[in-house]
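Asker: Please arrange chains B, C and D on chain A, whose structure you already have, making use of the hints.
4 protein chains.
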Amino acid sequence: MVITMSGNATAAQIDHVIERIRECGFREHVSRGTEKTVIGVVGTNSNRNEIEALRAAPGVESVTPITQSYKLVSKQMKPERTTVRIGDVCFGGPEVVVIAGPCSVESRDQLLSTARAVHEAGATMLRGGAYKPRTSPYDFQGLGIDALKFLSEARAETGLPIVTEVMSTEDVDVVAEHADMLQVGARNMQNFSLLRRLANSSRPILLKRGPSASIKEWLLAAEYLLSGGNPDVVLCERGIKTFETETRNTLDLSAVALVRELSHLPVIADPSHGTGRRRLIVLMSRAALAAGADGLIIEVHPCPERALSDGPQSLDFTQFSEMMAGLAQPSRRIANAMSLVF
Amino acid sequence: MVITMSGNATAAQIDHVIERIRECGFREHVSRGTEKTVIGVVGTNSNRNEIEALRAAPGVESVTPITQSYKLVSKQMKPERTTVRIGDVCFGGPEVVVIAGPCSVESRDQLLSTARAVHEAGATMLRGGAYKPRTSPYDFQGLGIDALKFLSEARAETGLPIVTEVMSTEDVDVVAEHADMLQVGARNMQNFSLLRRLANSSRPILLKRGPSASIKEWLLAAEYLLSGGNPDVVLCERGIKTFETETRNTLDLSAVALVRELSHLPVIADPSHGTGRRRLIVLMSRAALAAGADGLIIEVHPCPERALSDGPQSLDFTQFSEMMAGLAQPSRRIANAMSLVF
Amino acid sequence: MVITMSGNATAAQIDHVIERIRECGFREHVSRGTEKTVIGVVGTNSNRNEIEALRAAPGVESVTPITQSYKLVSKQMKPERTTVRIGDVCFGGPEVVVIAGPCSVESRDQLLSTARAVHEAGATMLRGGAYKPRTSPYDFQGLGIDALKFLSEARAETGLPIVTEVMSTEDVDVVAEHADMLQVGARNMQNFSLLRRLANSSRPILLKRGPSASIKEWLLAAEYLLSGGNPDVVLCERGIKTFETETRNTLDLSAVALVRELSHLPVIADPSHGTGRRRLIVLMSRAALAAGADGLIIEVHPCPERALSDGPQSLDFTQFSEMMAGLAQPSRRIANAMSLVF
Amino acid sequence: MVITMSGNATAAQIDHVIERIRECGFREHVSRGTEKTVIGVVGTNSNRNEIEALRAAPGVESVTPITQSYKLVSKQMKPERTTVRIGDVCFGGPEVVVIAGPCSVESRDQLLSTARAVHEAGATMLRGGAYKPRTSPYDFQGLGIDALKFLSEARAETGLPIVTEVMSTEDVDVVAEHADMLQVGARNMQNFSLLRRLANSSRPILLKRGPSASIKEWLLAAEYLLSGGNPDVVLCERGIKTFETETRNTLDLSAVALVRELSHLPVIADPSHGTGRRRLIVLMSRAALAAGADGLIIEVHPCPERALSDGPQSLDFTQFSEMMAGLAQPSRRIANAMSLVF
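Residue numbers (our numbering), protein chains in the order written: chain A, 1451 to 1792; chain B, 1451 to 1792; chain C, 1451 to 1792; chain D, 1451 to 1792.
Everything labelled a hint here was simulated from the structure, so no lab data went into it. Do not rely on the hints blindly, as some may be mistaken.
Identical copies look the same in the list; a pair holds intra-copy or inter-copy alike.
[What the hints assert, rightly or not] Below, computed lysine-lysine pairings styled on DSSO-like, alpha-carbon distance capped at 30 Å:
hint, residue 1, residue 2
1, Lys1666, Lys1521
2, Lys1528, Lys1666
3, Lys1528, Lys1486
4, Lys1486, Lys1525
5, Lys1525, Lys1666
6, Lys1486, Lys1599
7, Lys1525, Lys1599
8, Lys1599, Lys1521
Here chain A stands alone, though its shape is the one from the complex (with noise of 0.2 Å):
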C-alpha cells in the first residue's frame, strides 16, 4: 500500500503513521517529494485491513492499495484458464455454451415444451426459475419445488443439465437435489450469507454480476466462493444500471473482455436481461461471444406475450432456433482469428 500524507501534514503525524506502520509488522519507505511526503508500505498482506484504516489518522490523505484484494480468483495465482464440467457441458473450454429457457417455470408443460424446443435447437443447458426474487411482492414469485420438479423431468427427457436460481440459505439443499448448477441473482450477488452457504456446496455456481457492482466487487463475490472451498464457479455479465433507459440494463462487455484478462474463471454473458428487448439479443450474442465470453443465457418462452415474466426480452421458439443457426458456425471463426492477435 502508498500512503499520502497532505501536503501540510506535520513531522510528528508522519511518524506516527510509520510507527502504526511497524505496529502492524510491515516496514516503511519514505519518499519526501516538494509538495507531499509519499509512504510506501512494505511487506505481506495480512494486516491489510489495519494500514487501510489509516486514513482516518491526522495528515493522512489517501491510503491506495497497490494489490488487488481478490486472490485466489486471479490470473496472477492460476494462469491457466479454469474449466467447469457439468456432464458433458464445459464451461472455459473450446465450446460455446448456451443455456436456454423460460425466465419463470409456470408449467409443466410451458417447461417441457421449452426444453425440447431449446434442445432441438441446439442449446446444451437449461434454464428456468423455480423462485423468483421480484421487485413488487404481488408479482408472481415462482412454484417453487414444483418447479424443481418439472425441472428434474425435462433434464430426464432431453438430456440437458439445469441451471436455477437458489434465493435463501435455506433453499440450498432442495435446489441442489433437483439442479446441476445454482445461480446466485444479480440482486444476490452481495448476499453474503448465501455465498457461504454455496461454497460448501458441491454444486458449481452460476454467478451473475450485480447491477450495480464493481468488476472487483463481482471478483471478490467469487472470492468468497473459492476460499470457501467450492471452485466451480462461473461468473455471468447481465447488464449494469446506467443513466440510460431505453435499454433495461446495459450490457458491459468490456467487462466480460477485462474478466479474461483478470481472472481464470469462466464468463458468460445474458443478452436478455443485459437489453431487456428481444430484437437486439441476437446481435448481442454475438457481441458477447466476440468479447470473449464463454457462453450465454438466453430467455425462451412459448409465447412472450402471456409470460407471466421477462416478456418482452423472451425469444419464442422460431426466433430461438434462427439464432442458433446463426450462432453455430461463426463463432468459432472468430475464436481462430483472434487468436491472431495479442
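Answerer: Coordinates of chains B, C and D only, in the frame set by chain A:
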C-alpha cells in the same frame, strides 16, 4: 395502464391486444391518433402482470403503468405520517432521532465506551454491527453473537435502544432477541427471502436503500414488509452509486424529500456511508434534516484510525459531541420555518 | 401525448386541461379509469411543447409523449440505411470502415509515420487531433493549424481521407478546408451553436455520443444537423460514464445495435476511448462489429509511452497491424451469418 | 506521482521507467515490495503529462497522481474564501444570494412581471434565458437579442443585476454588453473554446457543473477561467445524471460541501434543474444552504403551465414568495450553528 401501438401496427394486431385485454378482465378504451393508436386499459389491477406482458405482443410499442405498483406504503393509502416507536424513541414524530455507534462491534470495551459517549452527547439510539457484510472474504466479518451480548449490555447500562444488521434468515431470531430494531443492509434491500422473514418479526425494521435501487424499488422492498405483516418500517437513504468517486457514494437527499411526498413511512439519512468522508458529515447531517429527514445514523468510533471497518467515515467522541451541540437547536427552527411554505 | 391526471384531480382541473388541449389545436380523448383519468391528446405535433407544459397544471400527474421527438434521423422517416461517402470510403455500406491514427498530431514525423503504418495495415481513413479538448488547461492543447497542414500532407502521400475534431464555430472554415470529415467531440455533442454551424457545412460529420448522453439525446443532436441541412452524419459510440472505474468509460454496444433499429444513419464505435485500455481494444473491436457497427476508430501511436495524450489506450504499429490482420476476414462472415436471423 | 510496476515486471522494464523519469527532469524513489515494485516520482510538476504517459510503458501497472491537477482554484493556493461582487450582490460572503427568474425570456411582459415579483419577494438577482440550449431542434430556442434588451430593461426598473447564459464565443460580446454575469450552461462546462473566450471577459462567470462531470473535472473547468485571467467565478451544482428517474437529475449536495473543502470559490445550488419537480424545491433549497451553498438559483414563471420551457420545475409568484419568507431567517441560524462544529 396505457398501451401504445407502433405506427405500423395492423388492425389485426390491435384487435388481438383488445381481445387479450378483455380476456384478462379489463375494458379497453381506444384512441386512434394521427400517428399511433393508444389503448387505455380500464379496470381493477389484479391481473396487471398479464397486461404488462403484452409488451411482447406484435405491434405493441410500449405498455405504460399509470398507477404505482406499491400500495400499502403510499400516501394514497394512508395520508397521515406513520410513527415507529421503540421505547421513548419515536421515528416520524416531531423529534429528530440520532442513532450513533461504531460500524462494527470490535470489543466489549470499544462498544461500551462508545455507547457512553454517544449517550452523553445526546444520541437517542445505539448502532453497532455484529454480522458484517464485507466486500472481501478476508475482511473482518463481525463478532456475531458476542457482539449481540455486548450490545445488550450497553443498552442495560445506557438505556439506549439497539439497532443492528441482520444478514440472513437464520440469524433473525437471535438478533431479534437482543436488538430493538433490525437493520436490512443496503446490499440486502432486495434479498426477498430475508424481507419475507422480517415481515413476520415483531421488531421494527430499518430498511436501507440499495446502492443502485431506484426510489420505486426501495418502496416496493418496504411493501414486502408491510404486505407481509410488519407495519413498523423506517427507510434509510445511505447514498447511491454514481460516476463520482470523490465521495464513497452520492447521498441522494432529493430521495428523502420525495419519499416524504410518496410515502407515509419515516425516513432517515446516513451521511457516514453517504459520503465516506468524515469532514462532510456535519454539513450533510444538517442538509439531510433540512431536506426532511426524520433522523440520522452516524458512525462513531473511539479511535477511527484503528477501526476494523469504516474508519475514514467515523467521527471520534469529540467530533460527535460537537456535532450534536450544533444540531441541537436550529433543527427545530428549520422545522418551524419549513411549515411556513407549502 | 397521454396526460395522466392524479387520483384526486377535480372535475374542474380535468376540464381545464381539456380546454387547454383544444386551445393548442388538438382534440382530447378522455378515458376515465377506476383510479385515474387518462386523457389522450390527438392531432398533429407542432404545439407539442405547449402540451408538455401541462405537466405544471394542477391535477396533472404526468405527460407522456407517445411519438419520438426526432424525425429526420428516424427509420420511420427513411427506412433504408443511409450511406455517407468520402472518396472511396463508404460508411453504412457492406465494407467496414477503419479510421486510425494518433489521438493528437504531435509533429510532422509522428503523423506521417503513423499515416504510412495504418495505411499499410489496411486502415481506410486517418484520424489525428489538431484542436484538442483537454480536461486540464495545463495539458497539451494541440498544434492547431500546423496539425491541419500535416494532415493534408499525410493525405497527399497516402491517399487516406482525413477526419479531425472541430471545437469551435470559429474554426469550422479552416478545419473544413483541410479535413474531409469533421468530428464533433463527445464533450461538444450538445454544443448547439457548433451543431447549427456544422449543419451548414458541406463536409460530412462524425458525431460522437456524449459521455452522459442518452440515445435519444444523441439522435436529437444528429437531428440538429439533418434539420439544418447536412444529411451526411455518421454516429460514433465511444463509451458512457458509469460507476465502473476499471475501464475509462463503459462502451455501450447495445446502443450500436439499438441505433440501427431506430435510425438510418451509419454508426461506428471507438473502443480506444470506450475502454481506455489497450489490451481490450482488439476484443471490443470485434464485439462492436458483431453488434452491427459500420466501422471503428482506433488510436495508434508510434510510441504510446511517449504520447502527449491517450498513450495507455493507443496501439503501436505492430499491434494495429496484427489487429487488422485478425479482423480482415471473419467480419464479413459475421455479417453473412447475421443475415440468417431476424 | 507514484508508478506501480506489475508483479512480473522485469528488471529491464523497471530500469527503462527510471531512465524515462530522469529524462523528464524528475528523480525516482524506488520501493521494492514483496509483490510489486513501486516508484515514487519526485520533483516539480511541469512535465507531469510525460510521466502519466508511462502508463503505456511495458511492465507498468498504474500511474497514480498524488497532487491535484488544479492549482489556482484550490484552497492550497488560496486558503481564504473568494468573494465575487456584482453591485451590491456578493457571492461567498455572509449573505445568501438568491437568483430567480424564468427559464426562458418569453416576452417583455412575462419578464418584467417576473422581475417585479421576485424582487419584491426578496431575490437579489434576476435570471432569464435569451439563448437556450435545447435538446431538440424543434423546441423554443430563445428570443436572443430581444431577450437581452428586456433583461436590461428589467434591471433598470428593479435594480436587480442580470445573469444569462452565453452559448457561443460569437455571442460573448453582445451578452456581456447587457448582462452583469455570464452563465456557462451545464452542457457547455467542457466547451473549452467558450471557457477560453470567457477567461478574457471582464464579467463574472457562473459555471454550472456538467451533468456527468466529476468534481475534479468541474474544478478544472474553473481552472481554465482563472488561469486565463478571470478570477470571478461562481460554481453552481445543478444535479448529475444517475440511474434514478423519479427526479430529473440527482442534486449532489455532497459536492457543494466538498467543493468548499477543496476550493476557495463560491458555490451555489440549482434545485430547479437539480430535481425537476416543483414540490421538492423548497426542501432542497434549505438542504443546499445547510450543506454550505452560498446561494440559490430558482426558476419562477407567472404561469408555469404555459411556460415554453421547464414549467414543471418552475414556481409561480406565490410559491416563490412563500419560499423566500420561509428561508429568510433560519438560514443565518444554520450558518451560526454550523460555526460551532469543525
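Asker: For every hint, state whether the structure bears it out.
Answerer: How the hints compare with the structure:
Taking the closest pair of Cα atoms, Lys1666 and Lys1521 come within 30 Å of each other only inside a single copy of the chain (11 Å); across copies the shortest separation is 32 Å, beyond that limit. Taking CA atoms no more than 30 Å apart as the test, Lys1528 paired with Lys1666 passes inside one copy only; the shortest distance there is 17 Å, against 38 Å between copies. Taking the shortest Cα distances, Lys1528 and Lys1486 sit within 30 Å of each other only across copies (18 Å), while inside one copy they are farther apart (38 Å). In this homomeric assembly, Lys1486 and Lys1525 come within 30 Å of each other (Cα to Cα) only across copies, at 15 Å, whereas the closest approach inside a single copy is 34 Å.
Proximity of Lys1525 and Lys1666 under a CA criterion of 30 Å is satisfied intra-copy only: 14 Å inside one chain copy versus 33 Å between copies. For the homomeric pair Lys1486 and Lys1599, neither the shortest alpha-carbon distance inside one copy (65 Å) nor that between copies (43 Å) is at most 30 Å. When the C-alpha separation of Lys1525 and Lys1599 is checked against a cutoff of 30 Å, the pair qualifies neither within a copy, at 39 Å, nor between copies, at 42 Å. With identical chains, the CA atoms of Lys1599 and Lys1521 are never at most 30 Å apart, being 38 Å at best within one copy and 34 Å at best between copies.
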